[in-house]
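In order, the protein sequences belong to chains A and B.
Per UniProt numbering, the first sequence starts with residue 1, numbered consecutively.
Per UniProt numbering, the second sequence starts with residue 1, numbered consecutively.
Since the hints were made in silico from the structure, they are not lab data.
Not one of these hints is a red herring.
Result set (BS3-like, lysine-lysine): computed pairs, CA atoms no more than 27 Å apart in a straight line: (1) B:K15 to A:K42; (2) A:K121 to A:K167; (3) B:K2 to B:K23; (4) A:K42 to A:K23; (5) A:K15 to A:K2; (6) B:K167 to B:K76; (7) A:K42 to B:K23; (8) A:K15 to A:K42; (9) A:K23 to A:K2; (10) A:K76 to A:K167; (11) A:K15 to B:K15; (12) B:K76 to A:K2; (13) B:K167 to B:K121; (14) B:K42 to A:K15; (15) B:K2 to A:K76; (16) B:K42 to B:K15; (17) A:K42 to B:K2; (18) B:K42 to A:K23; (19) A:K15 to B:K23; (20) B:K15 to A:K23; (21) A:K23 to B:K23; (22) B:K42 to B:K23; (23) A:K42 to B:K42; (24) A:K2 to B:K42; (25) B:K15 to B:K2.
Protein chains: 2
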Amino acid sequence: MKFSPLLDELIEQFKVLPSVGQKTAQRMAFHLLERNREGALKLSDALRNAMEHIQHCRQCRTFTESDLCDICASSKRQASGTVCVVESPQDVLAIEQTSQYQGLYFVLMGHLSPIDGIGPKDIGLDVFAGMLDDTDTQEVILATNSTVEGEATAHYIHQLCQEREIKTTRIAQGVPVGGELEYLDGSTLVHAFSGRREL
Amino acid sequence: MKFSPLLDELIEQFKVLPSVGQKTAQRMAFHLLERNREGALKLSDALRNAMEHIQHCRQCRTFTESDLCDICASSKRQASGTVCVVESPQDVLAIEQTSQYQGLYFVLMGHLSPIDGIGPKDIGLDVFAGMLDDTDTQEVILATNSTVEGEATAHYIHQLCQEREIKTTRIAQGVPVGGELEYLDGSTLVHAFSGRREL
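For reference, chain A alone in the conformation it holds in the complex (with noise of 0.2 Å):
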């Protein structure tokens, strides 16, 4: 024990939370008793109200406290025949705040890696087979992460698709909006070059 029982617990907890150690453990602890009780307990309340409540959505996988999120609910984007597959809800942000895209997603919570023994039923590969039998979708957009493992798992989702003759389409790579050529990877170029366009 190092403070009072209560508190020794508290600064414990806080190191559920990536990259809290026992310093920041206790800087938390701290500013809390002395600065925002009252923010504490509320921080408390959304807690425990999330773990109890958050779930996957029945269709997409993403982070809901409904059967449906809301994209999936919506009529009009069931009604796109598009889905595009993501590795995070975060990935479902971003694509979002740009309002180009008007379909559905997939959300994969992850990406495959044999190494640490995920396969394609613990990234919902099995529920995505599922979706496509039993929707009319005209196009997956392989939109997992430009790493090795979000391309394995595009290549992966691509003969599954494959195999039910759906059209597949991996988003671009290429020179990023006010990327410097100089200070570019070898294998970005690469993409750039062999993906260029007519003007």
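Mind docking chain B on chain A? Use the hints.
Relative to the frame of chain A, chain B by itself:
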């Protein structure tokens, strides 16, 4: 609304923590939802318990859920006749870890800072004066930080003690153990010279 209402609420509430903004709050929320719901529920309980039950020690003002903290409740410490004045509970921990000091503490929970409107009463100096009057204190050790505010606070407390003819000492300023002279600032060197001791 960005995600679902409960998730947005959780992300919003995480921002009460020091140096946590939108992105870190999102990362914390998703980390707990995906990987550690049980830990999150424990954190929720620990927060509520701590905020509802932790008060200030009646005598030394540190955080405790009892009326008197463990140190103030110890009769051996009470008999020492020494009070060490520090700025925060973390300072108490740092001193306790040396196992060298066996007296009582008084925790200011801050320092005098007229510019922020923090006067003697806000750092409990009225409680401290009462403690001096009520108990048989032989020595007050001033262990506030070696900053401008810490020094000003130490000076103010020194005057309080002088009025009551109680011996006051200030912890030594000088070269830290392992410190190299060439990298020390000038004022620390001046203190190290003026505080030199005969061998």
